[in-house]
Amino acid sequence: MAYALQQLINGISLGMIYGLIAVGYTMVYGIIGMINFAHGDIFMVGAFVALISVVMLVSGGIMDGPAAILIVLLVSMCVTALYGWTVERIAYRPLRGSFRLAPLISAIGMSIVLQNYVQVAQGARVKPIDAVLPGGITVIDSEAFIVQFSYMQMLIIAVTLGVLAIFTWLVTRTPLGRAMRACEQDRRMASLLGIDTDRTISLTFVIGASLAAVAGTLYLLRYGVIDFYIGFLAGVKAFTAAVLGGIGSLPGAVLGGLLIGLIETFWSAYFSVQYKDVAAFSILVLVLIFMPTGLLGRAEVEKV
Amino acid sequence: MATPILETDTLTMRFGGLVAVDAVTFTAQRDDITAIIGPNGAGKTTLFNCITGFYRPTGGALRLFRDGAPVELHHLAGHRIARAGVARTFQNIRLFPGMTALENLLVAQHNTLMASTGFGIGALLGAPRYRRAQKAAIAKAVHWLEVTDLLARADDPAGALPYGQQRRLEIARAMCTDPLLLCLDEPAAGLNPRESEELSALLRMIRDGGCSILLIEHDMGVVMGISDRIVVLDHGRKIADGTPGEVRADPRVIAAYLGEGDEGEDAA
Amino acid sequence: MTLRALKDAAITALVALGLFVPLVGLRTDVGPSGELVLRQRWGDVVILVALAFVGRLALLGWRGWRGDPKPASAARTEALRKAGLFVAPVLLGLAVLLPFIPGTGRYELDLGILVLTYVMLGWGLNIVVGLAGLLDLGYVAFYAVGAYSYALLATTFGLSFWICLPLAGLLAAFWGVLLGFPVLRLRGDYLAIVTLAFGEIIRVVLLNWVSLTNGPNGISGIPRPTFFGLTFSMSGEPDTFAGFFGIEPSPVHRVIFLYYLILGLALLTNWVSIRLRRQPLGRAWEALREDEIACRALGINVTTTKLTAFALGAMFAGIAGSFFATRQGFISPESFTFIESAIILAIVVLGGMGSQIGIAIAALVMIGGFEVFRDLDEWRMLVFGGAMVLIMVARPRGLVGHRTPSVVLRERRAIGAEHVAEGHG
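If you read the protein sequences in the order shown, they are chains F, H and U. Counting from 1, one number per residue, gives the positions in the first sequence under this note's numbering. Counting from 1, one number per residue, gives the positions in the second sequence under this note's numbering. Counting from 1, one number per residue, gives the positions in the third sequence under this note's numbering.
It should be emphasised that the hints constitute simulated quantities derived from the structure, not laboratory data. There could be a bad hint or two in this list.
Said to hold, decoys possible - Taking lysine to aspartate or glutamate pairs in the DMTMM-like style, the calculated list, with each CA pair at most 25 Å apart, reads:
no.: 1; chain 1: H; residue 1: K140; chain 2: H; residue 2: D155
no.: 2; chain 1: F; residue 1: K276; chain 2: F; residue 2: D227
no.: 3; chain 1: H; residue 1: K135; chain 2: H; residue 2: E146
no.: 4; chain 1: F; residue 1: K276; chain 2: U; residue 2: E334
no.: 5; chain 1: U; residue 1: K82; chain 2: U; residue 2: E411
no.: 6; chain 1: U; residue 1: K82; chain 2: H; residue 2: D155
no.: 7; chain 1: H; residue 1: K140; chain 2: H; residue 2: D178
no.: 8; chain 1: H; residue 1: K135; chain 2: H; residue 2: D178
no.: 9; chain 1: H; residue 1: K140; chain 2: H; residue 2: E198
no.: 10; chain 1: H; residue 1: K140; chain 2: H; residue 2: D156
no.: 11; chain 1: H; residue 1: K140; chain 2: H; residue 2: E195
no.: 12; chain 1: F; residue 1: K276; chain 2: U; residue 2: E340
no.: 13; chain 1: H; residue 1: K135; chain 2: U; residue 2: E411
no.: 14; chain 1: U; residue 1: K7; chain 2: F; residue 2: D198
no.: 15; chain 1: H; residue 1: K140; chain 2: H; residue 2: D67
no.: 16; chain 1: H; residue 1: K140; chain 2: H; residue 2: D31
no.: 17; chain 1: U; residue 1: K82; chain 2: H; residue 2: D156
no.: 18; chain 1: U; residue 1: K82; chain 2: U; residue 2: E418
no.: 19; chain 1: H; residue 1: K140; chain 2: U; residue 2: E411
no.: 20; chain 1: U; residue 1: K7; chain 2: F; residue 2: D196
no.: 21; chain 1: H; residue 1: K135; chain 2: H; residue 2: D155
no.: 22; chain 1: U; residue 1: K7; chain 2: U; residue 2: D44
no.: 23; chain 1: H; residue 1: K135; chain 2: H; residue 2: D149
Since this is a predicted model, take the numbers as computed values, not measurements.
Please take these sequences and the hints and turn them into a complete structure.
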């Protein structure tokens with residue numbers, strides 16, 4: 001029981017990170033209907049920017065307390081948002097209204113570019129940092145097993161919930177959110193009604209990238225090691241999460257992220273670590289076979 | 001004595017709480033042109049989609065009479081309905097736009113052609129049986145291109161044809177499946193008067209060639225001109241069923257078209 | 001105009017500054033005590049920002065000079081099609097004669113084998129993506145199935161290459177049907193992610209099922225192919241290739257043999273694709289890509305039609321996979337990562353979906369180019385990815401975007417890309 005509780009805590013904090021990345025996938029998919037394959041690598045860039053800021057703050061001797069973490073988060077969000085914007089501008093905007101596969105290939109190309117760019121600029125070696133926020137609360141301390149809720153996990157959950165709250169407000173209550181939803185429904189109509197669709201799409205990428213940067217920062221702080229290749233698997237998992245939740249649905253992305261995090265954690269804990277990815281993907285396949293539009297996705301009406 | 005080609009028996013289609021087609025029973029006779037008319041939202045297209053297998057009806061039965069024996073359409077998968085002998089066209093034309101007109105008509109003969117390929121291998125190696133089948137298929141396609149006056153456009157992509165020609169090509173494509181019953185969803189929509197006239201002639205010719213026709217149409221000129229029988233739907237129910245003359249004189253039909261009986265004071 | 005261009009370029013430079021300051025300007029290195037330390041490289045940042053500025057100016061200048069891009073006219077499409085008719089035989093001739101062209105050594109032949117492998121994979125995937133319009137992101141899975149089938153059949157049962165080759169193809173096709181059956185009713189991007197997931201699942205299983213696949217260490221000692229029973233041994237015995245034909249034993253013989261083998265296999269793929277395209281099955285694939293609903297209304301069984309495309313594509317991947325295994329003599333899961341699927345898909349899309357010659361050229365340019373730039377080391381993949389983006393932005397419909405009708409009544413004309421759909425499945 002205690003063991004399961006620990007897995008639940010671990011699963012939720014991992015799932016939150018997936019959820020944050022998945023929101024970026026789902027937003028872009030909702031608004032321009034493409035798989036932004038480079039999004040996982042945007043997450044990786046976010047983690048690297050966070051890494052550099054942490055190392056800077058450490059060398060300045062001020063990597064301490066919530067203020068420092070907030071600075072790291074903000075720096076990472078700003079720089080990564082710029083990357084998100086640039087990627088859209090270079091690789092996707094010229095292909096707007098083009099054939100469906102063209103932006104996909106261009107996105108895969110961009111993903112390769114980002115990965116190798118970071119490898120060239122920062123080196124291929126694994127980058128470790130010291131634990132930033134060690135310790136935690138012991139929830140259960142029985143003879144057999146100690147359940148720990150670490151400060152880092154609390155931070156992940158708190159930051160994710162906070163960011164998602166701001167994000168939800170942004171999408172549901174602001175003119176920008178309205179513009180985004182309008183573009184999602186019908187881009188041509190939205191532009192006829194005077195919405196600057198290019199700008200709205202750019203902002204979607206910026207927001208998605210900032211959320212990925214939050215995920216990247218939290219990932220770095222939680223696991224303490226990153227390399228230029230973490231974006232691929234995290235990206236595929238997050239995309240799986242987005243599809244599982246029903247692509248295009250924002251709550252679905254978070255739900256999907258949580259599910260993938262939990263499935264992975266529990267599978268590793270009770271069955272085998274090696275096959276945890278297989279477990280996540282198999283659940284995806286099963287869900288899609290029985291619910292072809294994911295858990296919270298809208299059924300696509302087949303108009304005849 | 002006329003024999004039936006298609007029979008619906010208390011056919012019902014529900015979407016959640018909405019009853020789009022409500023226990024509709026009618027019979028289309030062989031070698032007739034039967035029209036289904038009704039105001040917007042009367043459930044015509046839904047009924048059509050049930051008959052052609054795009055929706056599975058929630059209740060009731062659908063029977064196609066093939067060589068006198070009934071085929072229960074509501075049990076069949078979508079593509080099997082077409083194989084049973086029901087062909088259709090679409091309200092918003094669905095051709096294969098990147099393929100030529102001729103190719104469109106050959107795709108329609110997929111099942112007969114496929115049967116002659118010997119699981120693809122015979123055709124791959126150029127077996128004579130397949131060549132003969134291909135030749136026959138092209139001859140049939142050419143026949144329908146001639147009938148629909150599209151022979152000159154045979155090698156043009158379907159997507160490049162003007163609207164009226166696309167409509168005709170879609171009918172030609174449906175006819176290439178050798179149907180017993182041709183279902184047309186608003187074939188005259190968007191056509192100019194001259195084209196409508198040609199369409200009527202084409203439909204009569206198809207009927208006289210032994211293929212029964214079921215059509216949804218808004219253009220009353222076309223409907224009254226060519227239909228042998230008209231079924232009128234309103235709010236998912238059948239409100240009238242008869243010859244054009246009978247239907248035209250039916251007070252319920254007039255009420256349905258001119259507005260609700262109880263609310264339509266100013267319309268009257 | 002120039003002032004606006006300068007302002008635009010300045011903004012670009014500013015963005016570049018924001019991008020490069022943290023990631024290029026500050027390099028994290030592991031210091032002497034194991035801690036990360038920062039190394040500052042402001043010179044590189046300045047160069048990059050200057051490049052961004054100049055690059056943007058040049059791009060704006062070029063755009064201004066070129067004017068608005070012209071849409072492809074029917075005449076141009078037609079000219080391109082005629083050029084294709086001429087280029088294809090020339091390329092084929094070159095491919096056949098390559099081993100005898102003076103100056104062709106071991107390296108060139110190996111490169112030729114590599115390119116032809118990708119040509120074959122591209123043609124195979126083209127059946128699925130280009131003709132049937134099904135987006136498959138896990139194509140490499142079938143390549144892996146083929147390679148492991150051959151490796152395991154040959155090393156455990158000692159079956160010869162010529163028996164294993166069709167067996168591997170059939171096994172891969174079988175897997176294609178098995179995986180395809182439950183998922184083919186998914187549409188568009190759902191299908192894409194599921195195929196990607198299958199690709200990853202197969203790789204993870206190969207990696208972890210150590211008792212069967214030897215896990216990450218891979219399978220080595222895979223038998224080399226024989227020339228109808230004659231081995232390519234250096235001993236010169238009568239039962240070797242050299243001994244039988246009475247020629248000097250040379251290691252190049254095997255390479256030439258492998259080269260012709262993959263050329264033959266690729267041409268087989270090509271022949272089958274071209275033949276099928278003109279037949280009901282191939283036409284049904286294309287019709288499916290154009291409009292699935294209309295296909296159903298015409299009585300075409302959509303599921304089986306999709307499955308045949310999936311299975312046939314998988315079969316060619318499986319055959320290519322067993323060729324890969326016999327050529328390398330060693331395989332491990334590392335050769336079957338997602339990036340392989342992405343490269344094959346990129347070849348198909350860059351070549352122009354559905355165009356055989358376009359795909360061959362794309363494979364030659366991408367794989368050949370990748371080899372040519374081998375001196376760039378770690379920059380190579382960066383250039384590769386950048387090239388993918390650039391080509392796509394410049395030619396979204398690929399090198400050859402038009403479609404040639406599969407049957408004609410009077411005269412064959414190319415169909416412009418604007419009419420051709422690319423499927424939703």
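Status of the hints after comparison with the structure:
1. H/K140 / H/D155: Holds, at about 15 Å.
2. F/K276 / F/D227: It holds: about 20 Å lies between the C-alpha atoms, which stays within 25 Å.
3. H/K135 / H/E146: 16 Å, holds
4. F/K276 / U/E334: Answer holds: F/K276 to U/E334 is near 19 Å, not above 25 Å.
5. U/K82 / U/E411: Given that 25 Å is the threshold and the Cα spacing comes to 13 Å, the pair holds.
6. U/K82 / H/D155: 17 Å, holds
7. H/K140 / H/D178: Holds, at roughly 10 Å.
8. H/K135 / H/D178: 17 Å, holds
9. H/K140 / H/E198: With a Cα-Cα distance of about 21 Å, the restraint between H/K140 and H/E198 holds, given a limit of 25 Å.
10. H/K140 / H/D156: Given pair H/K140, H/D156 holds - Cα atoms ~18 Å apart, limit 25 Å.
11. H/K140 / H/E195: 24 Å, holds
12. F/K276 / U/E340: Cα-Cα ~22 Å, so holds.
13. H/K135 / U/E411: With a Cα-Cα distance of about 17 Å, the restraint between H/K135 and U/E411 holds, given a limit of 25 Å.
14. U/K7 / F/D198: With a Cα-Cα distance of about 20 Å, the restraint between U/K7 and F/D198 holds, given a limit of 25 Å.
15. H/K140 / H/D67: Answer holds: H/K140 to H/D67 is near 23 Å, not above 25 Å.
16. H/K140 / H/D31: 21 Å, holds
17. U/K82 / H/D156: The hint holds at about 18 Å.
18. U/K82 / U/E418: 19 Å, holds
19. H/K140 / U/E411: It holds: about 19 Å lies between the C-alpha atoms, which stays within 25 Å.
20. U/K7 / F/D196: Distance ~22 Å between U/K7 and F/D196 Cα, so the pair holds.
21. H/K135 / H/D155: Measuring from Cα to Cα gives roughly 16 Å; hence the hint holds.
22. U/K7 / U/D44: 23 Å, holds
23. H/K135 / H/D149: Distance ~21 Å between H/K135 and H/D149 Cα, so the pair holds.
The structure meets every hint from the earlier list without exception.
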